[in-house]
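Protein chains in written order, with my numbering: chain A, -12 to 221; chain B, 15 to 191; chain C, 3 to 486.
Keep in mind that a hint or two might mislead.
As the list claims (entries may be wrong) - The calculated lysine to any residue pairs, modelled on SDA-like cross-linking and capped at a C-alpha distance of 20 Å, are:
(1) LYS96(B) x ILE173(C)
(2) LYS170(B) x ARG155(B)
(3) LYS179(B) x GLY167(C)
Said to hold, decoys possible - Residues from chain C shown here face chain A by an in silico Cβ test under 7 Å; the list is partial:
(4) GLN71
(5) VAL266
(6) ILE270
(7) GLY272
(8) GLU279
(9) SER376
(10) PRO381
(11) ASP383
(12) VAL385
(13) PRO390
(14) ALA401
Since the hints were made in silico from the structure, they are not lab data. Beta carbons: idealized from backbone N, C-alpha and C, even for Gly.
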Amino acid sequence: MAWRVGIAAVLVVSLVAGCDSLPGRPRESDRPISPSQVKSFARLYDENCAGCHGAHGRFGAAYELADATYQALVDDATLKRIISNGIAGTAMPAFAQTAGGYLTTAQIAILVDGMRQRWKTGRPLVDAPPYAGPDGDPGRGARTFAQSCAPCHGPKGEGGEKAPGSITDPSYLALVSDQSLRTLIIAGRSDLGHPDWRGYPPGQPLSAEQVADVVAWLAARRQHFQGAVYARNR
Amino acid sequence: MNEAAKPLSRPALAQPSRRAFLLRLGLLFNAIAAILFAIPVLGYLMSPMRRYAWVSWISLGKIEDFPEHQTRLAIYRNPYTKPWDGKTANIPCWVRRESGAIFRVFAINCTHLGCPVRWFQESGLFMCPCHGGVFYSDGARASGPPPRGLYQYSHKLENGQLWIKAGQLPTLGEPLA
Amino acid sequence: MLVEAGAWLDHRLGVGASIREAARHPVPRSSASWWYVFGSCTFAVMVLQFITGMCLATVYAPTADRAWQSLLYLNYNQPLGWFIRALHGWGSNFMIALVCIHLAQVFLFGAYKYPRELTWTAGVVLLLCTLGMAFTGQVLRFDQDAYWGLGIAAAIAGRTPLIGGRVVKIILGGPIIAGDTLSRFFTLHVFVIPAVLIAFVVLHLFLVLKLGINEWPMPGRIVRRETYLAEYHKMVTEDGEPFFPYAAQKDLVAIGLVIAALVVTAAIMGPIGPNGEPDPAIIQTVPRPDFFFLWLFSAFALLPPWTETFLMLTGPVVAIALLFAIPFISGTGEKSFRRRPMSVVLLVMTFMTIGILIYLGTYSPWSPHMEAWSGTPTPVDYVRGRTPLELQGAILIQAKQCRNCHSLGGRGGMRGPALDDTATRLTPNQIVRQILEGGGNMPAYGKNLSPAEVNALVAFLETMHPGDEPPARSSINPAVAPSY
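The shape of chain A in the complex, shown without the other chains:
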């Protein structure tokens, strides 16, 4: 009799103990957290950034964030400012709660740190033009453009075989800031085949002045829209 009770007791105890390893038991990772408490970079990036900047920071419609050159070019404060307040005049929205977004200061810091950790992999840039600089001269910019950009983008920036589509289209220029043009010229977009400042053509890196000049030349092509002009009406 006693041994039966013993076996039964062992069975019950092992069943109860075994309950804790059943598949239905909630895992700590299933614990609900409020959106402002999310601390995982992957989740924050996937929910807030991936839409425009691409699944892993590449091949998005907007700028390539997973680019070592770009990450080396910008500093933490700039990244933080852009994420927090957006870029006025472009499609980059403000994400900070203080600016009407949904992310806390801590979450923006996690995003900045995460990007740096994952994507700022290269050595520091040597003799690259700085992120920001004084305005250039459109006249000199025209010469630099003809020499360095026109081979792909066409003499007037109207586009060519390697780089289809106009970069002097008034609508395009209305949607990008001078800084985005400058960043693009310096850091390029390696995912879509646009070279960085060293590749116009290879072996003849652009100087800081040249970059500023080209930006100034492009900026001069901007037009002010008078009323609603839908250019492509046909």
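On the provided structure of chain A, position chains B and C as indicated by the hints.
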């Protein structure tokens, strides 16, 4: 039930005797007692319906906290609360500052079925996650099933602060004033 | 010793004989079928719900500020708390499923017909109680879905003409969804509805015993008020079997299987929720009801708005009244489903409608995907080889929240048409018009887009035609022979 009770009660009531009188008296007393009992019980359960002082003026904070041409989420503590309400008495609302002293304060609840509408500043729209109601930045209905624009709180500017008249969940039956 | 104690008890109580009589009451041989087990199974699951419910009540804190924490405590800290929650949550699902099967079987077998009208009526009350327990139970799982589910209930009640606002306050127990609301639903879930449930279960079972279990319906055997009772009496005396063990053995097997299935399901699937904290200030939430009310949620999205208030308020009343009325509409006549084609069609249509609405509700194509604009990347194929302006358009599709309602590459909202083949349907002019003026359930974006932004969007959308399909052209242009 009635059929079972009839043969028993009818002869008893038919007799004009003391027993029948007592039975009638008992029934009468019980009816009166039942009404006396029901009044406080029903009054207790229905009391939320009778109270009208739910709504009062609440400050949403300094006027400068709301930038012009922007819509911001503001959270206020409902004026009527119980100590065990916890966070459920923290009610959010959307504050739109058109310009200068021109404000609009919208309830968070979609006018279709009360789900929380979310503001998207890039497209200037409020969207509802339940059945796809969409509203413009001025609260007007843009698309989807909602029968009207967003509920708006009455508001005033006093002592450099934005005040709204709030205190109850807005519904189609009782939209905010 | 046990026998002695039993005899002692029976001597005092004197119910042994009637229990024995009830257990051995004759049932038609034909009705001791596997089809007749669902009522007993529902009852068994209900008893389990009472047990697990009492267990949960020992830990659950029924106040608005603590309920959610106590659920998490049950899930993570209370030993086996998660298992009891899983049993209770899945038990609720099982019970609803079993009630529906039981109802369908009774309806198909004509068991509600004379003289069992009252049994059916009591059953409808039990169905409503079960659904009431499900809804109030979902409220007691006090999370974001519960909070906003109450908001939906309040919004529906608020549509009542004249007294809408007052009805809302009675339901909520105050002006907002807060502590009083949870307490009201706790009272309903733990005291009021269970009391009604028990009373009507007793009535239901009493009627089953008194009137006898429905015989297996035979085509051509017509129910007549004048003759049915005598026919039934003849059937059970000449061709009957005692309920115990003849019919009860199948019930017992089925109950055992259902309970085992419930325990296994609970062990594998785990507890249901809770999801986020019921803090109304957290507006990044997508409220959805549990599946048994998901079909109503879907219906509210799909009903034409002008019928909505009317149908929300009268629909349930009419549906419930119809359910009650069924035995009084067709109380006699054929019982067999083989001779009642319209009843079968009605039942199948009802279940199919509810099933389809639930399926639609699981992915709610009418709801914007609130995170799609910032969380669902543009398909890489739509990024490669695009001009600078087109790329700006692709960015704007995201940044202007177009993606919340329109999908690209099968991902994104489903409220509006997918944009992958926009250019085959709309000319550039039509795209501009649609964006600026909206229409067809799309908001007008005229005020929120600059001309440059519209140009970029159109440039991108113009590329949205699958390689082998030509872009749309205006009907006023002369037809051109296709170049392919």
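Which of the numbered hints above does this structure break? As far as the earlier hints go, 2, 4, 5, 10 and 11 are violated by this structure, in ascending order.
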